[in-house]
Amino acid sequence: MKTHQRIGATVFALLLIVAGLLRSTPGVRATAMGQVTGTVKLDGPAPHQKPIDMSKDPSCAQTRGGAPASGENVVVGTDGGLANVVVYISQGLNGDIPVASKPVTFEQKGCQYVPHVVAVNPGQHMTILNDDKTMHNIHPDPKPGGGNNAFNKSQLGGGPSLDVTWTAEEIAIPVKCNVHPWMHAFIVVVKGPNGVSGGNGSFKLENVPPGTYTLTAWHETYGTQSQKVTVAEGKPVTADFTFKAK
Amino acid sequence: MAGKVFAVVVVLVTLVTAYCVVTHVWWMPVDISVHGPKIDHQIEETILVAGLLFIAGQIVLASFVFRYGGATGKPKQIPGGAKPLVIFAFVLVGTEVLALSFIGSKAWGAVYFEAPDPSSLRIDVQAGQFAYYFRYSGPDGKFGPLHPELINEGNQNYFGLDPDHDPDAKDDIVTAEIGIPVNKPILLTLHSKDVGHSFYVRELRVQQDFVPGLSIPVHFTAIQTGRYEIVCTQLCGLGHYNMKAYLSVLSQSDFDDWLKKQAAMQ
Chain A
1 MKTHQRIGAT VFALLLIVAG LLRSTPGVRA TAMGQVTGTV KLDGPAPHQK PIDMSKDPSC
61 AQTRGGAPAS GENVVVGTDG GLANVVVYIS QGLNGDIPVA SKPVTFEQKG CQYVPHVVAV
121 NPGQHMTILN DDKTMHNIHP DPKPGGGNNA FNKSQLGGGP SLDVTWTAEE IAIPVKCNVH
181 PWMHAFIVVV KGPNGVSGGN GSFKLENVPP GTYTLTAWHE TYGTQSQKVT VAEGKPVTAD
241 FTFKAK
Chain B
1 MAGKVFAVVV VLVTLVTAYC VVTHVWWMPV DISVHGPKID HQIEETILVA GLLFIAGQIV
61 LASFVFRYGG ATGKPKQIPG GAKPLVIFAF VLVGTEVLAL SFIGSKAWGA VYFEAPDPSS
121 LRIDVQAGQF AYYFRYSGPD GKFGPLHPEL INEGNQNYFG LDPDHDPDAK DDIVTAEIGI
181 PVNKPILLTL HSKDVGHSFY VRELRVQQDF VPGLSIPVHF TAIQTGRYEI VCTQLCGLGH
241 YNMKAYLSVL SQSDFDDWLK KQAAMQ
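Chains as they are written, first to last, in our numbering: chain A, 1 to 246; chain B, 1 to 266.
Bound conformation, chain A alone (with noise of 0.2 Å):
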């Protein structure tokens, strides 16, 4: 190759390079973005969760020191928070919305799912990973005809990730691993921001365009409910759920 076609195609690269991060770059934007945090809570007492026993899988049960696992459909923190509950913007997002880049984590854990719901955009990626012992398969069960495909694959201990993607929104495509039948999670796909409630309750959705929106929750055991929230430019606005203890 000739001197001055070397030079033309590195300047060529060098601008394709630009341009898609000049797309790609939220911050362009972000000065003009709003926050929205909150707090879930559950009224009422927590209904009580079957410890879960692993001996039948010797190097699940010897996770945790050897203590039996606790069930997940209700995780209940200090003060009544509400765990595991997934935050998203179902109505008032227009246009073209922004696919979230960073991939998400999902991994299993002492045979368990971390973490036990997990939300993504359509086109996020999401890394699936083993940190056991022993192999799992991922086994998501999506509604059929909804745009999202099942799929089951196996996972060896400590084995290579795998990377997934889904196409469709869907609330919520339940995951299983065949081999321990009490393993179980919840993959949420909706379109932009998105939070899920930690441990003691509270979400937070960044990156929200100014706007007027309806905000939903969703709890496995305890289904929805929306309010309205109004975002204004670089300011947080608070939203606060409670469910009811069924």
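In case anyone wonders, no lab produced these hints; they're calculated from the structure.
Here the structure is a predicted model, which means the values were calculated and not measured.
Ideal placement from N, C-alpha and C gives every residue a C-beta, glycine not left out.
Misleading hints may appear alongside valid ones.
Claimed, not checked - Sample of chain B residues with no beta-carbon within 10 Å of chain A, all distances over it, derived:
1. Leu100
2. Lys106
3. Tyr112
4. Pro217
As the list claims (entries may be wrong) - With a straight-line cut-off of 30 Å between C-alpha atoms, the simulated BS3-like cross-links for lysine-lysine are:
5. B:Lys260 - A:Lys50
6. B:Lys261 - A:Lys133
7. A:Lys176 - A:Lys204
8. A:Lys50 - B:Lys170
9. A:Lys109 - B:Lys261
10. A:Lys109 - B:Lys193
Fit chain B to the known structure of chain A by using the hints.
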């Protein structure tokens, strides 16, 4: 020459195999059940008869190879032709198989056609891809009815119980491991929620298939404490290799403590 070497190899393989069987190099695991000796006796008889025929067959094979191996020209005819010999072999093997079936049916009948002891401890077993779960009736001695539509592994409702509406199901104890008292007759009822599985405990000399839609009774009495593996011996899907559970044979007091602990975990 090659024929003679091969004949010697055949004889050596036969002798080594016979030695391993006779001296129990790889033998059955210890038997911990009351009915086990009948089954072991039947297996020994089968091995003896089959073993004698095996040795006879190998010696005949070796002697023919020794005598005729490497011979050239037109093969010699068996005196009287091959037909009578084949008929003789059919009759011999057929008689052996029939005899083993008739004698064996006695041992099988003694296990399966004997009614379970009325004082047996009843335990429900639920098999599913790819695990076993066990159910004890609790203090009321009654099992709650099963509602297959309520089966939900995510909620750990492996049997489909409805304790909110069925009073009998309220105190049912569901466990991932089966504990039984030693020297007590046990009556299992096997259910499968999906496909065919099997309940096999080598030391118990119990191997019984699960058939979806059927409740299959199995009864036995264990006479030795210990922890034994229950494995699935009916290919049931991808996770078949990992379908297992453990059987703990405990003294009566250990069993009572164990069951109390399990009840507290519900």
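Checking each numbered hint in turn, tell me which of them this model violates, lowest number first. When the structure is compared with the hints, none of them turns out to be violated.
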